[in-house]
Structures are given as structure tokens and as C-alpha cells.
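Spelled out, the chains give:
2 protein chains.
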Amino acid sequence: MGATPYLSLDAEVMQANIDAMAEHARRYGMVLRPHAKTHKSPAVAEVQLTAGAQGLTVATIGEAEVFASVCRDLFIAYPLWVDGDASARLTSLSEAGVRLRVGCDSETSGRNLAGLPVEVLVEIDSGHHRSGVAPESAGALAQNLAGLGLTVLGVFTFPGHSYSPGSGEAAALEEAEALARAAASLREFGIEPAVISGGSTPSASFSTSVATELRPGVYVFGDAQQVELGTIQPEQVALTVVSTVVSHAGGRVICDAGSKALAADRAPWASGYGRVFGEPDARIVALSEHHATISWPGELPALGSTLRLLPNHACNAVNLADSYRLSTGELWSIPARGRNN
Amino acid sequence: MGATPYLSLDAEVMQANIDAMAEHARRYGMVLRPHAKTHKSPAVAEVQLTAGAQGLTVATIGEAEVFASVCRDLFIAYPLWVDGDASARLTSLSEAGVRLRVGCDSETSGRNLAGLPVEVLVEIDSGHHRSGVAPESAGALAQNLAGLGLTVLGVFTFPGHSYSPGSGEAAALEEAEALARAAASLREFGIEPAVISGGSTPSASFSTSVATELRPGVYVFGDAQQVELGTIQPEQVALTVVSTVVSHAGGRVICDAGSKALAADRAPWASGYGRVFGEPDARIVALSEHHATISWPGELPALGSTLRLLPNHACNAVNLADSYRLSTGELWSIPARGRNN
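Read top to bottom, the protein sequences are chains P and Y.
Residue 136 in the working numbering sits at position 152 of the first sequence, and the numbers go up by one each step.
Residue 240 in the working numbering sits at position 256 of the second sequence, and the numbers go up by one each step.
Some hints here could point you the wrong way.
Stated by the list, open to error - Just the calculated beta-carbon pair ranges, DEER-fashion:
1. Pro149(P) <-> Glu314(Y): 45 to 51 Å
2. Glu79(P) <-> Gly235(Y): 34 to 40 Å
3. Ser121(Y) <-> Ser148(P): 41 to 47 Å
Stated by the list, open to error - Derived list of chain P stretches under chain Y, where covered just means 3 residues or more per stretch with a C-beta under 8 Å from a C-beta of chain Y:
4. 52 to 66
5. 221 to 233
6. 303 to 314
Honestly, the hints are just simulated from the structure, not real lab data.
Since we're looking at a predicted model, the values are computed, not measured.
All C-beta atoms, glycine included, are put in the ideal place defined by N, C-alpha and C.
Start from the sequences and build out the full structure, keeping to the hints where you can.
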């Protein structure tokens, strides 16, 4: 045990999560390309790759540079704006033997990619309403990108609207319909999509058709959001923040993990700023940078005792730490932390 | 300019913020002991100390270890639970010549401090309802701590309930009343409080009596919360996240700074997930890890153009970065980033 708060990783629970998703992808004949932004750790990626992942997804060129050490097939699932510096970095990655795919949702952005050693996937909006073109517009964009000399491999989307209670299945259906329409749109322009890529953790179990590739991220660890969405059970969460009870002020538990350890994420439907492992009725009612204020049913845990807290959003909690501590005491580093560009 | 997103620091605006707070403290005869958790940077602390700060406040022993390089008078304003490892670290700091003060809100926690080279301030709750005892109980706790052989210097509080629109003055009044009651409580037990410490950025300008010491943090940079609270004007914000427009999907601006650059903080009263510098009517309506979705009035800025975004909460945005970029191109490192324990 070290000074609190720290990130604790249960490697057995993680392995079970990784195996289950790999089995799901195999059963439905999909390529599994997990999003590495969740764990930011080549050590974790190697477990995923050993279990059957066929490539990795990343969010930034900086993450691609980190994961190139363990994987030669990377998809930067982001509508990159590529300037001169970014071009040089993409070229270096390619020269190092990495096959690179990047996202694109406009011809303007695509012009920056022309001549670079990357393949392109057209991003479509399947209902999350973030980046991406309408599915019906995918073919026209793909044709324009091909006209720039780019290789258009197919289409991708992120069904982020699955992050609402009870929405996983509906989002997966919308995703499948949107991907099918986008694929048809490409075919209208004579482009056969080799890759039809989707997936998020809450929708992944319902993604069983249309998509040829699945890109979930959070499933590797789980978090309080996934528990509250009903995607997983609390005992399937592999990542917790170990924290010490420092005060009983106001008859509540105050512990030393705040938004600088758990991150400040709180969806409108969340019960609080995270959960307490093994205490389903405890509620994290307030979060400062170094304090969690927990409404606690029954007798309070003693001052100095430790609690395991589930972050609401694993990806952002991981991005605050430099390493995972395993139950063996071993530390796994998080070298992609902070690689935002 | 570097790859986006990155943290940009306007050193002139910061200097003006630092000078104004130092002048306020001088005018009312208060010691200024800024909270370094906001900037996590010895370089910034040196500017504060040169302008008249007489010591620094930190949140963790790890932060104290970083700031010992520039300041020999540190207050860990936190109800520390000190185990063996923490004892050794506090002792090392003291042996290196640092005068250490720590917070305490229970006799149980105080027992761990007995025999250590630290002075103690009793934490009281002035209305924020986080850690701290009731003001009336401060004297009894101080007596018990003194009975353990500890030197009780005085009392402190954080008026965090100032973080609500229009609450700065009311919170400062409550703070002053609570500090006065706590000081009286100590005197009832024959302990004269040498230090009566309070202050937060939204309440600081109203803190003009009772407190002998002021500990604001965010004032050094400002952020979207302070603008929306009315504490400062937008042009007084020294810290922005420079971000590139990557998509116009859905007729909105999507740029490459998300919750991994801005942090996910959003108070219930906030207009969005931050603000856009120079665009008062733009609203950051959604935030993913690497996307800000901005509702934009009028013509959208071109793909590839850069925006300066104001984080809602400077402290958490800083804790995501490894350095500040100044307008000169110079980088200032953030060595206390991630020093949560």
C-alpha cells in the first residue's frame, strides 16, 4: 500500500473483462480494436492484443506514438486537422512500420491528408451529434477524398448517445442503421467499404450486425457510469481509487480522493461523483479537488481507514495518474497520460 | 505555437492579478498565503512571493515537497491523516528548513501529529460543509491538541460556498463570523490564536476583517467560473487552452480540447463546459475527452483556426498539463501536477 489516493488495478477482473469482449467480437465475426485512450498503457494493450484484439484505436497522434511500441495497426479515430508538424509525425510513424488509419469528416480536412501514408475512414454521425457527416453524405465525401488520392477504407462512428440509462440497445440499433446507410452511400459511389467500424462499451453487447469492427474502450476496467448504466455489475469494475478517510465532519465521510484523482465527470443521471466499492448505498454527494464528501448509511468507517472508490469515468481518472498499482505491489506506468496532441 | 490543445499563460495578465491581490491583502493588513494547488508551478509561486506573498498554501505533502524549493513557510491546509510514511516525509521537509503548518479537525487525527515538527491550525466549517469542526468546538479541540504536545497556532476555514453566483459577499460575512466565533472559542480555553486564516477567490475582496491571513488560489489565473460568478472580467483571465477547430458537424464548432485538456468541471449554474475567449455568446454545450462542441453565433470560424478556451476551473485544467506556454514561446513546467499525496 502506498500513500493515498492512488489508482488500484485488479488484473484478474481486467482479464475477465478483456476475455469477455474478445469472445463477443469473435462470436459475431467482428474485428476488435479497443480504444486505448481508456488505459493509456502499453502493458494493458498487450493483454488485449494477446486475448484477440487485432489492432488498437487511439485518439491523438501522441497516443499513436506511445502505442506504436506494442502495435503496428493503429486507428486514430478522430477528425484530425493535420498541419506540417503533424504530417511529419504521421510520416515518422509510418516509416517505423505502423499501418495508420485516420478519421475524416470533411474534404477540407482531407486535403491535409493527401500524400501522407495514411488510410482514411469517413466519420459519420449515428445519433451522438458530435463530429461526423450524415450517413447519406458519406459516399459523396468518400468520392471527394478518393479524388484527392486518398485510400478510403470505409466508415466509422461513435454511438456516444449510448451513455444514458437504458439507451445501449437503442443506440446500437441507430448505429447499425446509420452504418448500413453510410456503407450503402459509399457503394453508390463505387467504393466498397472494407471497414465498417463502431462500438462503445454500453452498446457493444448489442452490436451484432452491420459493423465489421468494434472499438469499445471503458470495458477493460469498467467504472461507476457503466454500473449505473447497467452495462456491468459492481464486481466487474477492475479500477478503483484507494482513498483514506480523513474527517467525519457533519456526520459524513470525507476522504482524500477528489476531482484531481477521480476526475470531475458527473452525467446528469449519475447518483453522485462516483461510487464506493462494496457500499452500494453510500453516495459521493460533493467533490472538491482533494475531498470526496460521502453520505454514508450506518456507522462511519474509522478515520484512517481506506475506501475503494469507483470513478464515474475511468478514462479521465486514468489521465490523472502516472501508474496503476496492482495487488502484487507492481506498478504499471501510464505513459500516454496527457498525450492530448 | 505548438500542437493543440495546449495551456497558454499570459504572464502580464497574471502579474496584474497577483499584484492586485497582494495590494488587497496589504491594504487590510492581512498575510497573503496563496494556494499553490492552482498553478502547481514554483515559477508562478516566485512571482507571487516577489509581489508580497509571505508564504504558500498547499493541499498535499507532495505539493509541499515541490514548493519547498522556493518557499520555506508552507501551510498544508488539509486535515491530513499522517501514517508512518507521511511522518517521515514531514520530518524530512522540516529538516530541510521548511516551517510547516498542517490542518486538523479531530483529536484522532491530531494524535498522529504528536511529536512531529509541525504546527497545527484547527479547521472550522464556515458554511461550506466539507471538513472542519463547528466554530464553537474549536477551543475544546485546540485544548485537546495542545494536551498532545502540539502547538496550536490558530484556526482556518475555506468558504467554498462562495462558489455560487452572488454568494461571494455573503460567504465572506459568514466566514468572518465563524472565524471570530472560533477565535473566541480558543481564547475561552486560554489559547490566543496567532493565525486566523480564510479566503477564497470569490470571497477575497470582501474579506477585510477578522482574518489575519488570506489563502486564495484561482485569482492568479482566473477562469470561466470566476467570470460567470462575476469575480473578474473575461480579459482578466490569464490561462487559456488553445484549441483547433476540427469539424463543423451539425452547424456547430467542434474543437480538439475536451475534458482531458479543460477538465470536466461544470457547476450547476455554469453556462457550459467553459467559455471561448473573445466570443461571449459562444457556448460549450458538450464535452468529450477530445472534443468540445460549441454552439456558435454567426459565421463559424474556419476549420484549422485556433480558439482560446477558458476552462471552468483552472486548478483542474492545470493538473492535466505538463507545462504552460508563454507568449514568448517559453515553457514553464508544472512539477506538482499529479502530486495528490
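Right, here's what the structure says about each hint:
| no. | hint | verdict |
| --- | --- | --- |
| 1 | Pro149(P) <-> Glu314(Y): 45 to 51 Å | holds (48 Å) |
| 2 | Glu79(P) <-> Gly235(Y): 34 to 40 Å | holds (39 Å) |
| 3 | Ser121(Y) <-> Ser148(P): 41 to 47 Å | holds (44 Å) |
| 4 | 52 to 66 | holds (count 4) |
| 5 | 221 to 233 | holds (count 6) |
| 6 | 303 to 314 | holds (count 4) |
Taken one by one, the earlier hints all hold for this structure without exception.
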